[in-house]
Each structure stands twice: as C-alpha cells, then as structure tokens.
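Student: Residue numbers (this note's numbering), protein chains in the order written: chain L, 2 to 267; chain A, 52 to 344.
With a straight-line cut-off of 30 Å between C-alpha atoms, the simulated DSS-like cross-links for lysine-lysine are:
id, chain 1, residue 1, chain 2, residue 2
1, L, K98, L, K242
2, L, K123, L, K98
3, L, K178, L, K255
4, L, K122, A, K336
5, L, K123, A, K336
6, L, K178, L, K98
No lab work stands behind these hints: they were computed from the structure. This one's a predicted model, so the numbers in the text were calculated from it and none came from an experiment.
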Amino acid sequence: MTITAPVPHSTQQSDLTVTNLTRIFTAPDGTETRALVDASFTAKPGEFLSIIGPSGCGKSTLFNAVAGLDQPTSGDISINGSPIVGQQGHVGYLLQKDLLLPWRSVLGNVTIGLEVSGVSKKRANEIALPMLQAYGLGEFVNHRPDQLSGGMRQRAALLRTILFNRDVILLDEPFGKLDAQTRATMQEWLLDLWDDFQKTVVFVTHDIDEAIYLSDRVIVMSPRPGRIIAELPVHLDRPRKPAVVTSARFIDLKTEILDLLATGQN
Amino acid sequence: MSTIELEKPNTATAQVGAAMVALSDLPRRAPRVRSRQLFPSEPKGWLVATLAAGIVIALFATWQLLADADVVDTFFWSKPSMVWDSAVIAFSNGTMLGDTLFTFTSTIAGFVLGVVGGAVMGLSFWWSRLYARTSEPLLIAVEAMPKLALAPMIVLALGIGIESKIAMATALVIIIQVLNTHTAVRAVDRDLQTLLYSLGASRWQVFTKVVVPSTIPSVVASFRVSIGLALTGAIVGEYIGSQEGLGKMIQFAASSFDISLIWVGVFTLGILSFVLYLAVLLLEKVLLRAIRG
Ligand SMILES: Nc1ncnc2c1ncn2[C@@H]1O[C@H](COP(=O)(O)OP(=O)(O)O)[C@@H](O)[C@H]1O
Ligand SMILES: [Mg+2]
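Construct the complete structure from the given sequences, taking the supplied hints into account.
Tutor: The following block contains the structure:
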C-alpha cells in the first residue's frame, strides 16, 4: 500500500510513564478484585509498545486509568512528566469496542474528537476528508457504521482516534474480532498510519505474533492479579515483511513469550 | 500402541455404535412438498385499499338496507342517508367547521406541550440519578390517577375556553411521555458515553451528542399514542363545559335527540384523528431523518 497522506509537519512526540499503578475493585459486599498490581513502564516518544497478557489480567483496567476514565487505587501516570491521573482527553483511546455512533456517518464519526475540542464542523471536515481518502475510507465517507464491514469499522474507529490529535494513543485489542485475512491487512495499514503520524502507541493484544510483528517492545503480564512480568525489546528491522514471522529471532522471542505466559512469572 | 489404550476407545465405540444403530432405526418423516413460498409475499397496496374501502361500503350499505327494511330503528340508530343529509346541513350553514378547527387546535396545542414538556423532563433525568429516582414514583402515582376525573376541576379553574381543553390534552400526554423518555434515557449505551468522556467531553456535550440522539427514536415512537390521548383529553374537556368543539357539538346533538348529528360529529372526529395520526407519522419520519442527517 502506498499512501501519500497529509501528514502534519510539526508532529510532536510525547512519552507516557506509568508508575506503581494499582487498581483494586471493591464490590458492594466488600470482596476485593485485584485487577492490576504495581504496574510500571514507560512508552518512549514515537515508540510502538505492545502489552500482552491473558484475558482478565487488567489490560483494559490499565488503559481506563491512563485515559482518565477510572481512578486508580494508587500510582502515578504522566505524559512528558506532567501527571494526568483522573484527567480525560490527554490520550487517544480506542476502547475494546469500536463505539461508532450508529446515527452518524463515517465522516461524522471520525470528526467527533475535533468537534468535542471545539473545532468547527467545516474545518474538521476539511481535515478529515483527505485522510479518509488516503487511508482507504474514501468511498464510505457518507456511509453509516452498520453499512460497513468489520475491517472498515475498525479503520473508522482508528482514524477517529488519530484525528483526536493526541501524541499518545491507546489501542485495546483493535483487531481482536477480525478474521485472519482482514487482521493481516489491518496490521499493515496500522503500521503505515504509525509511520506517517509518529505517534506513541500502546497496543493491547492477546495475539503473540501480532505483538511481536508490530512492536518495538513487548510487555508481558501475568494472570490476575495482573502484574508486569517482562519487558522484551523486539530487535527486528523495519520495515518488516510478513515473512519475518518465520525468522529465527522472531521464533525465539515468541517462544520466550509463550513460556512467560505459560508459567505466569519471570 | 498398547492394548490398554485400545480398550478405552473400544467401549466408547460400542456405546456410540449402539446409539448410531438406534438413530438409523428411527423412522424418518416423508419429505414435504410445498407449492407456496415459505413466507407469504406482501399484498399490493391497491388491493389492500380496495378491500378496506369495500368493507366500509358494505357496512354502510347493510346499515342503510336494514334501516330501510325497519329492522334497525332509525330513531335510535339513524341511517347513512340521514347522516349524510345532516352532515351537508351542518357543514354548509352550521358551526361544524369552527367546531372541528377548535378541537383540532386544542389537540395540537396539547400534544405539542405534552410531548415537548415530557421529553424535556424525561431527558432532564439523565443529569441526576437522585432527582430521577425521587421523581419517578411520584410520576407513576400521578399517571395511575384517572386524569379524566380531574376534568371538572380543570374546567372550573381555567374556564370554558380553549385553555382548559389544552390543559386536559396536555395532562393526558405529558406523564406517559416523561416515563417513556426516562426509560429511553436509562437505556442509552454507557460505552458510547464513555467514549465521549474519553475525548474530554463536557457533560453537556455527552448529553447533546449521545443522549439526545439516542433517545429520539423512542421519544418519537410514543408520539403515535400521544396524539390519540391528546384528542381524548380535548374532547373530554369539551364534554365538561365548552362553547365550541366537536365534543360540545356531540353533546348538544345528544341533548336534542338528534342521532344523525351525533353520527356526523363522531365520523368527523374519526376522520380528524386519522388525519392527525398520518401527520404524526410524517413528523416521525422527518425527525428521524433529521438525526440521521
Ligand atoms: N468495574 C469493575 N468492577 C469490578 N471488577 C472489575 C471492573 N472492571 C474490571 N474488573 C475486573 O478486573 C479484572 C481485569 O479486567 P480487565 O482490565 O477488563 O481485563 P483485560 O485484561 O481482559 O482487559 C477482571 O477480573 C475484571 O472482572
Ligand atoms: Mg480487555
């Protein structure tokens, strides 16, 4: 896919630092769920960082805290050193569902972030239209979400996240519900997008191949109570070809992650 | 492979084998041959209209024939030809048009006030659970009360002019509209609201961009019931005390034993309510298109 996108010139880059983040849910009857325990990591500016871990290990809980939607029990979160705990609107966040507004067109959906930020509809459309063209949604601009395939819905949701125009974006299992073929296409598409926009990406997945193939670094989490048990750099050159999954380095890393996930500890 | 490993599958195979034999011994129903489609196709519009009109004409014709044959007592039931004559007189030199317009106006005014007021109040419950939870039982109590019983009081308080008719129409519509809207508000997808909050939206933005558009379809769906209620309210108001309107006209006809004129009033009301219903369907379409555009 060759793309000539209107990339903004002054792409800022930011880091995201999470320090000793703990979230304990207390049910009305007093029972406690330790969803996330003492998680610390840093996503470097422009880095593609994946988080992998079994279902229920607190990945979405972590993201909700970073997005300011949930108050952590303890710990700090900061972007470029300034604390953001409990504040919304610092990061672009693609939740586990695509959450496209069913009554809005694709154009109306991808511009909602700008709209909420107070950008005029006209200006927002001027910015969004060429991007929709460049990133494969040109013919669906006026379609409703329910007229789109799963892959196209996910593209729209991702572009909505990009167009919110924040330096750090969180993607929670964005390709989890897609078939293998569409998933592969979407991975390439996401890498193109990341290349063009140089965002700091934190990407949650439970697909090990996907985590390694996309990322600069992979964080592995243990089953509940969720802890970070390893941070593994991915030493594979970019741009990566799909065939890289058969390389020795790739397989070694995959084996290591499989072991970590199987034992649940480092 | 060891023998022990082989034995296990063998017992399983024996059981499955017996089940398979039993299954193949079961009788099979003969295949069914169908000459028609699985789902009946939609009839043509003109056919439906013709049949409906045919039924109406047949009813009136039967009525006329039975009355002419003295089977039906025209003193109590009148007959179509007499009703028609009454209608011609009532519309040409009576107050019929004015009465129709009066009832139409009070119904529309009551409908709009009730629907808008109800929707606004129902939507306002989104802002505070405490306010919503406190109001709901009170509203249900008011709704359970037969509001028609309030009519004499409302007419005494607001007079025999159009105000009391509008008030009755509004009273019948508003509470149902509040409760329906509140139900819709509670059903608004929390995740969509969360998405807006994640974009740093204010509560007002979440309200206008998610809550209102989500609830419009169910708010609009209750319009159809509300328009009928508004008409009922207006008519009851007129029964209690009025100088104009179809309700007053029907009462006047009844007090002078003019059965034909009662029928004229009733049929006019029927046509009026049908027209209002069609108008509401149109309004529904327009509003739904507005939020989808
Ligand atoms: N609001 C909540 N109240 C209570 N428990 C919760 C809540 N949200 C998540 N949990 C629990 O926290 C754990 C982690 O959930 P989550 O972060 O969604 O996991 P995942 O890694 O699959 O995204 C789960 O056991 C879940 O049941
Ligand atoms: Mg999750």
